[in-house]
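**Student:** With the hints as your guide, set chains Z, L and U onto chain Y.
Residue numbers (the working numbering), protein chains in the order written: chain Y, 1 to 151; chain Z, 152 to 302; chain L, 303 to 386; chain U, 387 to 470.
It is worth saying that the hints were derived from the structure and are not from the lab. Do not take every clue at face value.
[Claimed, not checked] A few chain Y residues that face chain Z, going by a derived Cβ cut-off under 10 Å, partial list only:
1. P12
2. E13
3. V34
4. G35
5. A39
6. S43
7. A89
8. G90
9. A92
10. V110
11. M114
[Stated by the list, open to error] Calculated cross-link-like contacts (lysine-lysine; reagent style DSSO-like; alpha-carbon spacing at most 27 Å):
12. Y:K60 <-> Y:K23
13. L:K305 <-> Z:K211
14. U:K389 <-> Y:K60
15. Z:K174 <-> Z:K211
[Stated by the list, open to error] Listing some non-contacts, in silico: residues in chain Z with all C-beta distances to chain L over 12 Å:
16. A196
17. E198
18. A252
Remember, predicted model here, so these are calculated numbers, not experimental data. Glycine included, C-beta positions come from ideal geometry on N, C-alpha and C.
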Amino acid sequence: MTVLLCPAPFSPEREMALLAQGKTGDCGALASFVGYCRATSASGAVEALVLDHYPGFTEKEIERIAAHVIERHQLIDLHVLHRVGAVAAGEAIVLVAALSAHRAPSFAAVAEMMDYLKTDAPFWKRELGPSGARWIEPTADDYARRQEHAR
Amino acid sequence: MTVLLCPAPFSPEREMALLAQGKTGDCGALASFVGYCRATSASGAVEALVLDHYPGFTEKEIERIAAHVIERHQLIDLHVLHRVGAVAAGEAIVLVAALSAHRAPSFAAVAEMMDYLKTDAPFWKRELGPSGARWIEPTADDYARRQEHAR
Amino acid sequence: MTKILFFGRLRDAAGLAELSCCLPQSLRTVAEVRQWLGARDPNLGQALAAPGVRVAVDQTFCASEQACAAGAQEIAFMSPLSGG
Amino acid sequence: MTKILFFGRLRDAAGLAELSCCLPQSLRTVAEVRQWLGARDPNLGQALAAPGVRVAVDQTFCASEQACAAGAQEIAFMSPLSGG
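Looking at chain Y on its own, in the form it has when it is part of the complex (with noise of 0.2 Å):
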């Protein structure tokens, strides 16, 4: 398991690449999503977002929730990368992989994990567009998608 806090770029090809590196003849099934800042929102042109966090605290539940999903998914492997700060419109915001014996255990367990991150991870984000600062809270979509998943 991986999880780290980037309060930097980072590049999730290069972090795919390092993945499937360090893959077992076992492995048959690479699952991944990755987050990006749009330029655009309901409410307009989108220049950043601001992620706050809660340093210890934050890495601590994710890995918490991280390792949840591993045993629950039978994972060979789960890895996260979360941006903190400012990330730049087109910029990657959270890079999620999973890797399994096979397919369906990795599609669930990519989708479940972001579902818990929307919901669960301890991130505050704003959005900075041309009329200022907005507080960007989960939306009951995210939610009811985040009951679907037994605790």
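**Tutor:** Chains Z, L and U in isolation, oriented as in the chain Y frame:
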């Protein structure tokens, strides 16, 4: 849309990097899946898989399925790379990557595309091991997953 | 001249991947072509009739065995497909 | 000395991200700490009582507002979390 058949090994990470370079500002999500040739299977050690295809027809059918998936999930883009010929244990067989504004459609599209590839793409797979060659056909699970997607 | 292609297990059953032949004029449907091939090689006939076998005429999947095969350039018999 | 932290919208409501204070000995639960903070700043008190606010004492989430806050080194009030 990109659909490529690869007679020689490809680097999923390199393809992902190309993809990410080309993405637009409205893209918030990149979900992907890489399938690898495992070194073991239910029937023992695996040295390689050999993938037969039907030149011309295979490309056309995958493009048809991909166009359907793009439309169904309103994707920004969809990329499919698939090996043909001999694939050594540890090498990537397939990469599917979907770009969309938000995460749910990208997850659904990658899973659906993989389900279609398992049962509807004109490939025929043999597993080569110490005891010779063995045809691999879709499992009951594969057919059940395929049935979940309306066509 | 019609090219007949066999894929997957059917290639093993036919003992070859491809053959060229002049189909008798009397054969109209895919089912008739299959029976004609089976008359020459009963084992192959049995394999072609197995569940899950799909047929494409001129690179288009046939929805049924009653699809027209007359005048076809290429008929492909395929055991269950499996990519990914 | 107890460190009190505010995250997300609560940071705006508090006008600060962090404060250090000696909590009165009489305060036993998280709910009592919240009320004490609200007595000093009613707007903040209202924000802390909003639905979705979570509290961690010494970096452990509290299951209820009746959780013990006495002797805490660090109490964090968090508006709804949202990563990803």
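**Student:** Looking at the structure, which of the earlier hints fail to hold?
**Tutor:** 6
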